[in-house]
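> Spelled out from the first residue to the last, the chains are:
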Amino acid sequence: MEKPKVATTSLAGCFGCHMSLLDIDDRILKLIQLVDFDKSPVDDIKKFSGDCLVGLIEGGCANEENVEVLRQFRRHCSILIAVGDCAIMGGLPAMRNGIPLQECLDEAYRNGPSVYNPSGRVPNADELPLILNRVYPCSEVVKIDYHLPGCPPPADTLWEAVVALLNGKPLNLPYELIKYD
Amino acid sequence: MKSTNGGKLIVLEPVTRIEGHAKVTLFLNDEGCVKQARMHVIEFRGFERFVQGRPYWEMPVLVQRLCGICPVSHHLAAAKAVDRIVGGENLTPTAEKMRRLMHYGQMFQSHALHFFHLVSPDLLFGFDADPAIRNVIGVAKKYPDLAVQGVMMRKYGQEIIKATAGKKIHGTGAIPGGINKNLSVEERDVFLRDIDKMLDWAQSALKIAKDYTAENLDRLASFGSFPSNHLSLVREDGALDLYHGNLRAIDAEGNKILDQVDYANYLDFIAEEVRPWSYMKFPFIKSVGPEDGWYRVGPLARLNNCDFIDTPIAEKERKEFVKLGNGKPINVTMAYHWARMVELVHAAEKIKELLNDPDLQGDDLVAKGKRRREGIGLIEAPRGTLFHHYKVDENDQVVMANLIVSTTHNNEPMNRAVQKVAEEYLDGKEITEGLLNHIEVAIRAYDPCLSCATHALGRMPLLVELMDAEGNIINRKTRD
Ligand code: SF4
Chain A
811 MEKPKVATTS
821 LAGCFGCHMS
831 LLDIDDRILK
841 LIQLVDFDKS
851 PVDDIKKFSG
861 DCLVGLIEGG
871 CANEENVEVL
881 RQFRRHCSIL
891 IAVGDCAIMG
901 GLPAMRNGIP
911 LQECLDEAYR
921 NGPSVYNPSG
931 RVPNADELPL
941 ILNRVYPCSE
951 VVKIDYHLPG
961 CPPPADTLWE
971 AVVALLNGKP
981 LNLPYELIKY
991 D
Chain B
1133 MKSTNGGKLI
1143 VLEPVTRIEG
1153 HAKVTLFLND
1163 EGCVKQARMH
1173 VIEFRGFERF
1183 VQGRPYWEMP
1193 VLVQRLCGIC
1203 PVSHHLAAAK
1213 AVDRIVGGEN
1223 LTPTAEKMRR
1233 LMHYGQMFQS
1243 HALHFFHLVS
1253 PDLLFGFDAD
1263 PAIRNVIGVA
1273 KKYPDLAVQG
1283 VMMRKYGQEI
1293 IKATAGKKIH
1303 GTGAIPGGIN
1313 KNLSVEERDV
1323 FLRDIDKMLD
1333 WAQSALKIAK
1343 DYTAENLDRL
1353 ASFGSFPSNH
1363 LSLVREDGAL
1373 DLYHGNLRAI
1383 DAEGNKILDQ
1393 VDYANYLDFI
1403 AEEVRPWSYM
1413 KFPFIKSVGP
1423 EDGWYRVGPL
1433 ARLNNCDFID
1443 TPIAEKERKE
1453 FVKLGNGKPI
1463 NVTMAYHWAR
1473 MVELVHAAEK
1483 IKELLNDPDL
1493 QGDDLVAKGK
1503 RRREGIGLIE
1513 APRGTLFHHY
1523 KVDENDQVVM
1533 ANLIVSTTHN
1543 NEPMNRAVQK
1553 VAEEYLDGKE
1563 ITEGLLNHIE
1573 VAIRAYDPCL
1583 SCATHALGRM
1593 PLLVELMDAE
1603 GNIINRKTRD
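Read top to bottom, the protein sequences are chains A and B. Be aware that the first sequence starts at 811, since it is given in the numbering used here, and climbs by one per residue. Be aware that the second sequence starts at 1133, since it is given in the numbering used here, and climbs by one per residue.
Keep in mind the hints are simulated off the structure, nothing from the lab. All values derive from a computational prediction rather than experimental measurement. Certain hints may be false.
Unchecked claim - Under the rule of at most 20 Å between Cα atoms (straight-line distance), these lysine to any residue pairs were calculated in the SDA-like manner:
#1 B:1294 to A:966
#2 B:1418 to A:924
#3 B:1523 to A:857
#4 B:1523 to A:990
#5 B:1299 to A:813
#6 B:1418 to B:1378
#7 A:813 to B:1265
#8 B:1273 to A:814
#9 A:857 to B:1262
#10 B:1273 to A:924
#11 B:1274 to A:966
#12 B:1329 to B:1281
#13 B:1313 to A:924
Said to hold, decoys possible - A few chain B positions that, by computed beta-carbon distances, are all more than 12 Å from chain A:
#14 1170
#15 1184
#16 1202
#17 1314
#18 1357
#19 1455
#20 1500
#21 1561
#22 1567
#23 1602
We treat Cβ as the ideally placed atom computed from N, Cα and C, and that holds for glycine.
Build the full structure now, drawing on both the sequences and the hints.
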């Protein structure tokens, strides 16, 4: 029987949620028995090879590229999980939402005390994707099936959730796994 | 996508947008040779601006969300900066040693992660192996023992972080002027039980990196290599110190450009150039200028810069390592891996030393002194020197934040490495699979944490575009 496939991606996140997944430690060896990883930074596969059962999304959408990748995940994954506060509500990067984008760019590329920028240009070459006016939670861009809160969600939370999903069982998370600092 | 004026367009594949983060453009001259390589970093966050208005004590927990791969480095660099704001920079022995333990735990897990999860596939399967197996899952299937070691070493480091910071990722241990807990005897004993095993495993990882470098030296010596300056912190006596020290910079010949510079004056010595094609800036040493003042940071720079290492096994290994340079700094890009493993061993030795220190069970956790309006904190993060700088107003709110992260310092070197590799491996106007592999391997030597600067695990998605002298795209290829 073919193993179910899992894909993961990091949008406007910090990779901490992916690191938390690695913190399942030796269970990762069990996990690769249970599922095949499709497109994911964990295995370096960069394009979907087919449709997946589960897609894990870290990070919200801060530029047009994030939106594109998120839509791609929705098309290819039956179940989409927003992992962590960034994916669920924009998280820390969304702190820029109350500030005009230009001010953020000016601070980084014009006003900072160590900046050397004789032309005064902020990076804007064609190679760079358009930055969105604010950071969007994933659920404002596509339909999200489940949310796993935390910054990042603990490894055990991720493990329990993925295992429950693979076995088609309801997910019961004890208090310790959903309690945060 | 670039417009295609003129009729030079040869191939333009309908590429789906790759998952972002890093993208490389190779510019050709009239003769069709590589004139310049550009690695674009395409994510922008805006931390410097949006932390303004927040109270300074939030910085150590807030700014670490730049990077979930090395959060402890940001946590501690920010803490060192706010120590100065509360006048608590002379930490109590317990606080300083708890923070050091946290930091060496981080160094241990990060170097192990990079080596086992990201680099070992290249070394074990070869640069040219099929990417479908050339990954950590391939390693787990073919070399299960090695994979288990990698996983357990990372776990050990992460558990140390949890015991010192409260949480494996984005902990809260360091507070202005100190630390919020000590290490219990029970916690200590658990770590002491396994430390010798960790030290053994670290040495066998080092051996893999060393033997690999020795066996392939002919090929590696020139691979993506170039002369450069090197920058890092060193202790006052010249020893390698990853938590604290003064700035030292040397040129490619080993002459000192800066030495024992108090990092609180970094603005007199370091600036960052903005270029329109990347969100990542290009730092340089001011006295040398933007053209030639760029430098490398990280394990290679640290081992080139320090005079000695204060733990015995790592010092013996360092002596062997520096022989590679024949009395000069080592400028071989691929030597980063070997240097990184020397540090892995050093981190394990330091952890052992600290665990045996009764100060970790002390109760005096926080120091305070004269309040200041400004604080600067530097640390040697796994990937290199990390700068945090904050100014606060009379309401304790941050009014200025400046961050120069490790990977940013290596921006120019990574661009150079890509250019070197492209010069060597670009054959005609086609981007081959081989070229793509080699570019990836060269970038990976720097262990770029684009998550800090922006995003992306070391194994980054790659899109390479080739442009002719008129600026037309003549070939592009992504790694599938
Ligand atoms: S939720 Fe937290 S750990 Fe996850 S990506 Fe966002 S900042 Fe990082």
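> Next step is simple, just say for each hint if it's right about the structure.
How the hints compare with the structure:
no. : hint             : in the structure
1   : B:1294 to A:966  : holds (14 Å)
2   : B:1418 to A:924  : holds (10 Å)
3   : B:1523 to A:857  : violated (44 Å)
4   : B:1523 to A:990  : violated (30 Å)
5   : B:1299 to A:813  : violated (33 Å)
6   : B:1418 to B:1378 : holds (17 Å)
7   : A:813 to B:1265  : holds (17 Å)
8   : B:1273 to A:814  : holds (18 Å)
9   : A:857 to B:1262  : holds (15 Å)
10  : B:1273 to A:924  : violated (47 Å)
11  : B:1274 to A:966  : violated (27 Å)
12  : B:1329 to B:1281 : holds (10 Å)
13  : B:1313 to A:924  : violated (35 Å)
14  : 1170             : violated (8 Å)
15  : 1184             : violated (8 Å)
16  : 1202             : violated (10 Å)
17  : 1314             : holds (19 Å)
18  : 1357             : holds (24 Å)
19  : 1455             : holds (34 Å)
20  : 1500             : holds (24 Å)
21  : 1561             : holds (20 Å)
22  : 1567             : holds (16 Å)
23  : 1602             : holds (15 Å)
Taken one by one, the earlier hints fail for this structure at numbers 3, 4, 5, 10, 11, 13, 14, 15 and 16, listed in ascending order.
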